[in-house]
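Turn these sequences into a full structure, and let the hints guide you.
Number of protein chains: 2
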Amino acid sequence: MHVDVLLTKTISKDYCVYIDQLESLAFDTKVLIVTNTTVADLHLANLQTKIHAKELHSVILPDGEKYKNFESLELILNACFEHRLDRKSLLIAFGGGVIGDMTGFAASLYQRGIDFIQIPTTLLAQVDASVGGKTGINNTYGKNLIGSFWQPRAVYCESAFLKTLPKREFSAGIAEIIKMAVTFDRGFFEWLETHDLHDETHLKEAIYKSISIKATVVAQDETEQGIRAVLNYGHTFGHVIENQTHYTTYLHGEAVAIGMVMANCLAQKLGLLSQEDAGRIMALLKRYDLPTHYAIHSPEVFYDAFFLDKKSEYSKIKFILAKGIGAHEIRNDIPKEIVLEALKEANA
Amino acid sequence: MHVDVLLTKTISKDYCVYIDQLESLAFDTKVLIVTNTTVADLHLANLQTKIHAKELHSVILPDGEKYKNFESLELILNACFEHRLDRKSLLIAFGGGVIGDMTGFAASLYQRGIDFIQIPTTLLAQVDASVGGKTGINNTYGKNLIGSFWQPRAVYCESAFLKTLPKREFSAGIAEIIKMAVTFDRGFFEWLETHDLHDETHLKEAIYKSISIKATVVAQDETEQGIRAVLNYGHTFGHVIENQTHYTTYLHGEAVAIGMVMANCLAQKLGLLSQEDAGRIMALLKRYDLPTHYAIHSPEVFYDAFFLDKKSEYSKIKFILAKGIGAHEIRNDIPKEIVLEALKEANA
Numbered sequence: 001m002h003v004d005v006l007l008t009k010t011i012s013k014d015y016c017v018y019i020d021q022l023e024s025l026a027f028d029t030k031v032l033i034v035t036n037t038t039v040a041d042l043h044l045a046n047l048q049t050k051i052h053a054k055e056l057h058s059v060i061l062p063d064g065e066k067y068k069n070f071e072s073l074e075l076i077l078n079a080c081f082e083h084r085l086d087r088k089s090l091l092i093a094f095g096g097g098v099i100g101d102m103t104g105f106a107a108s109l110y111q112r113g114i115d116f117i118q119i120p121t122t123l124l125a126q127v128d129a130s131v132g133g134k135t136g137i138n139n140t141y142g143k144n145l146i147g148s149f150w151q152p153r154a155v156y157c158e159s160a161f162l163k164t165l166p167k168r169e170f171s172a173g174i175a176e177i178i179k180m181a182v183t184f185d186r187g188f189f190e191w192l193e194t195h196d197l198h199d200e201t202h203l204k205e206a207i208y209k210s211i212s213i214k215a216t217v218v219a220q221d222e223t224e225q226g227i228r229a230v231l232n233y234g235h236t237f238g239h240v241i242e243n244q245t246h247y248t249t250y251l252h253g254e255a256v257a258i259g260m261v262m263a264n265c266l267a268q269k270l271g272l273l274s275q276e277d278a279g280r281i282m283a284l285l286k287r288y289d290l291p292t293h294y295a296i297h298s299p300e301v302f303y304d305a306f307f308l309d310k311k312s313e314y315s316k317i318k319f320i321l322a323k324g325i326g327a328h329e330i331r332n333d334i335p336k337e338i339v340l341e342a343l344k345e346a347n348a
Numbered sequence: 001m002h003v004d005v006l007l008t009k010t011i012s013k014d015y016c017v018y019i020d021q022l023e024s025l026a027f028d029t030k031v032l033i034v035t036n037t038t039v040a041d042l043h044l045a046n047l048q049t050k051i052h053a054k055e056l057h058s059v060i061l062p063d064g065e066k067y068k069n070f071e072s073l074e075l076i077l078n079a080c081f082e083h084r085l086d087r088k089s090l091l092i093a094f095g096g097g098v099i100g101d102m103t104g105f106a107a108s109l110y111q112r113g114i115d116f117i118q119i120p121t122t123l124l125a126q127v128d129a130s131v132g133g134k135t136g137i138n139n140t141y142g143k144n145l146i147g148s149f150w151q152p153r154a155v156y157c158e159s160a161f162l163k164t165l166p167k168r169e170f171s172a173g174i175a176e177i178i179k180m181a182v183t184f185d186r187g188f189f190e191w192l193e194t195h196d197l198h199d200e201t202h203l204k205e206a207i208y209k210s211i212s213i214k215a216t217v218v219a220q221d222e223t224e225q226g227i228r229a230v231l232n233y234g235h236t237f238g239h240v241i242e243n244q245t246h247y248t249t250y251l252h253g254e255a256v257a258i259g260m261v262m263a264n265c266l267a268q269k270l271g272l273l274s275q276e277d278a279g280r281i282m283a284l285l286k287r288y289d290l291p292t293h294y295a296i297h298s299p300e301v302f303y304d305a306f307f308l309d310k311k312s313e314y315s316k317i318k319f320i321l322a323k324g325i326g327a328h329e330i331r332n333d334i335p336k337e338i339v340l341e342a343l344k345e346a347n348a
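Those sequence lines, one after another, are chains A and B. Mapped onto the UniProt record's numbering, the consecutive letters of the first sequence carry residue numbers 1 to 348. Mapped onto the UniProt record's numbering, the consecutive letters of the second sequence carry residue numbers 1 to 348.
If you are wondering where the hints come from, they were derived from the structure by calculation, not from laboratory data. Among these hints, one or two may not hold up.
What the hints assert, rightly or not - In silico lysine-lysine, PhoX-like type, Cα no more than 25 Å apart, as pairs:
hint, chain 1, residue 1, chain 2, residue 2
1, B, K318, A, K88
2, A, K323, A, K269
3, B, K316, A, K54
4, A, K318, B, K88
5, A, K336, A, K316
6, A, K88, A, K50
7, B, K318, A, K54
8, A, K336, B, K88
9, A, K204, A, K163
10, A, K204, A, K66
11, B, K286, B, K323
12, B, K269, B, K344
13, A, K336, A, K318
14, A, K316, B, K54
15, A, K318, B, K54
16, A, K54, B, K336
17, A, K88, B, K336
18, A, K336, B, K13
19, A, K54, A, K88
20, B, K88, A, K316
21, A, K13, B, K13
22, B, K269, B, K318
23, B, K316, A, K88
24, A, K269, A, K204
25, A, K88, A, K13
Claimed, not checked - Not the full set, but computed from the structure, chain B residues with beta-carbon under 8 Å of chain A:
hint, residue
26, L75
27, L77
28, Q111
29, R112
30, G113
31, K134
32, G136
33, L145
34, S148
35, A283
36, Y303
37, F306
All C-beta atoms in this analysis are idealised placements derived from N, C-alpha and C, irrespective of residue type, glycine included.
Next comes the structure, spelled out in structure tokens:
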């Protein structure tokens, strides 16, 4: 005897990423803006003039990856309770990737899920983190190991917010743009080689192109059963670097830049990437002053740390590798010895 | 300029509720059984002989609604990390509604979501809580205010586990069966009036019927935008009773039984339910020794407590009322005075 539970509805809804189209937004519900101290000082008053709501509240969190934890999540949720948000209320994530991931996570949990909007203020969040609905927090076991898939109702990328971005953060965002180009679009990579993203028009073009790539990938594979994993190019190595340096030495995008170089060493060993192409990728990263080298103390310890990354099943690490420039290969069959050799070469 | 993010995939998958069909289950992944001290003592060894997995682990939580909190959730998640569960691993919820809701919640969060199976051991969990994918925990603001919609991969209801169920818990489950009948199926209600559920065959029939009703409702409205709210008949009142008595005096099903009687008082005042039908519902509840009266100290205080329930938007409480026996009406336009009068009458 059994009963079928037939679910016809999808929880996720399609949405738009708007670029430089945020003039004013009106909602007939309560709205809670979630931001951090840095962004609040620079831009919160400005944003508040643009948002019209039944009630407009805000909660300001401390700034930094180390606050991407359960305590900050609880601050957001408590603000929801204190302001008695209901199921039709809306959260707005106003900040970088950390704010976006935590706000989306809180939105997915409050009363089993309410809507949220992303208004990313860093380049990295605009081109990558704000699109695709990955939410989460870090814990002692690693990064983003607890979270959900919860898509925003809309994303508003405003280039105005990028003007106050520190140079290092700007470059960290460029790393993710380069990531998209290397793994998915050779033409875009070549365009990046010949266009300076410090130019505002070029930057906007690159943001649009990166988001388009990401949206196409996410549309194919929302919950990362397959191709979406390619977006983790550089991240498998990068996460270990971030973890070993306690998230204090490198920005996420910087660790990813080094991670791409390490992944390229491995791709070269496997004959997937030529020395020339690896050199072109390295040159593009360096042009934006991104770090490309990390001193690995022990390749063995570094290797073991892969297994704490959630993308890895135990004893099977999934490597995302560039297959020339503009294509990719997912490999989970690479012998430990070859990975160790690649790590040693990257270290040289 | 904008980019469309088109999501074609649904996260929720259809699944089966099996009744008395659990012989043995084999998985080529890691499996973590989540249970509580009471169920573990009675049935865990038995269940372990039926589950074959790459690795079989278990985590045993303290028993009781008061442990449906973040600390217990963390115990489950930490067990997932300690046993290095990966994205293909499986959780098994083995217990009543509390274990089911928390295990489902943990499954939805671990690595942004892994599969879980429900093996409910209480009548209430079998007929109601284990089906439909509502997960969550309680906090100081109220019940199930933080959670997710996360559907199990399958549900196995075994009547063998009900044999060790205390009499009060058995009756609490009957309350939810009566709830389904009153709001959705007059024929089923009449059948309940003429069949004693202490008889094993009748009980199994009632379980099947209740799950079928629930599955039909959930299939129409997974995330409770409409008709699924009808399953909260008796719950709006019941949650206040549970909250005022600190979840210690009444089992959930008992509070729902009293809540149905209160809702019926209101339905009578509005001319939706006859005195005779209200009497039949009352008689059926009493037949299973369910409580039908709660001493309301202050109707005003009781009324205000509705607004802490997440189903209520501020200043608009949604009441689920029986419309005769076998049908329902959702109302959010009832003046406060009428509700207060109904509360006073229920108190008389």
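Tested hints:
1. B:K318 / A:K88: Given pair B:K318, A:K88 holds - Cα atoms ~14 Å apart, limit 25 Å.
2. A:K323 / A:K269: 12 Å, holds
3. B:K316 / A:K54: Since the Cα atoms of B:K316 and A:K54 sit roughly 15 Å apart, the hinted pair holds (cutoff 25 Å).
4. A:K318 / B:K88: The hint holds at about 14 Å.
5. A:K336 / A:K316: At roughly 10 Å apart (the allowed maximum being 25 Å), A:K316 and A:K336 satisfy the hint.
6. A:K88 / A:K50: 20 Å, holds
7. B:K318 / A:K54: 20 Å, holds
8. A:K336 / B:K88: Roughly 22 Å separates the two Cα atoms, so the pair holds.
9. A:K204 / A:K163: 13 Å, holds
10. A:K204 / A:K66: 30 Å, violated
11. B:K286 / B:K323: Judged against 25 Å, a Cα distance of about 21 Å means the pair holds.
12. B:K269 / B:K344: At roughly 12 Å apart (the allowed maximum being 25 Å), B:K344 and B:K269 satisfy the hint.
13. A:K336 / A:K318: 12 Å, holds
14. A:K316 / B:K54: 15 Å, holds
15. A:K318 / B:K54: Cα-Cα ~20 Å, so holds.
16. A:K54 / B:K336: Holds, at about 23 Å.
17. A:K88 / B:K336: 22 Å, holds
18. A:K336 / B:K13: Violated, at about 36 Å.
19. A:K54 / A:K88: Within the cut-off at roughly 11 Å; holds.
20. B:K88 / A:K316: 13 Å, holds
21. A:K13 / B:K13: 16 Å, holds
22. B:K269 / B:K318: 16 Å, holds
23. B:K316 / A:K88: 13 Å, holds
24. A:K269 / A:K204: Given that 25 Å is the threshold and the Cα spacing comes to 36 Å, the pair is violated.
25. A:K88 / A:K13: 15 Å, holds
26. L75: Constraint on B:L75 not satisfied, violated at 14 Å.
27. L77: 6 Å, holds
28. Q111: 5 Å, holds
29. R112: The hint holds - B:R112 has a Cβ within 8 Å of chain A, the shortest such distance being about 5 Å.
30. G113: 7 Å, holds
31. K134: Holds: closest Cβ of chain A sits about 7 Å from B:K134, inside 8 Å.
32. G136: 7 Å, holds
33. L145: With a closest approach of 6 Å, the B:L145 hint holds.
34. S148: 6 Å, holds
35. A283: 29 Å, violated
36. Y303: Nearest chain A Cβ about 16 Å off; hint violated.
37. F306: 12 Å, violated
Of the hints listed earlier, those the structure fails to meet are numbers 10, 18, 24, 26, 35, 36, 37, in rising order.
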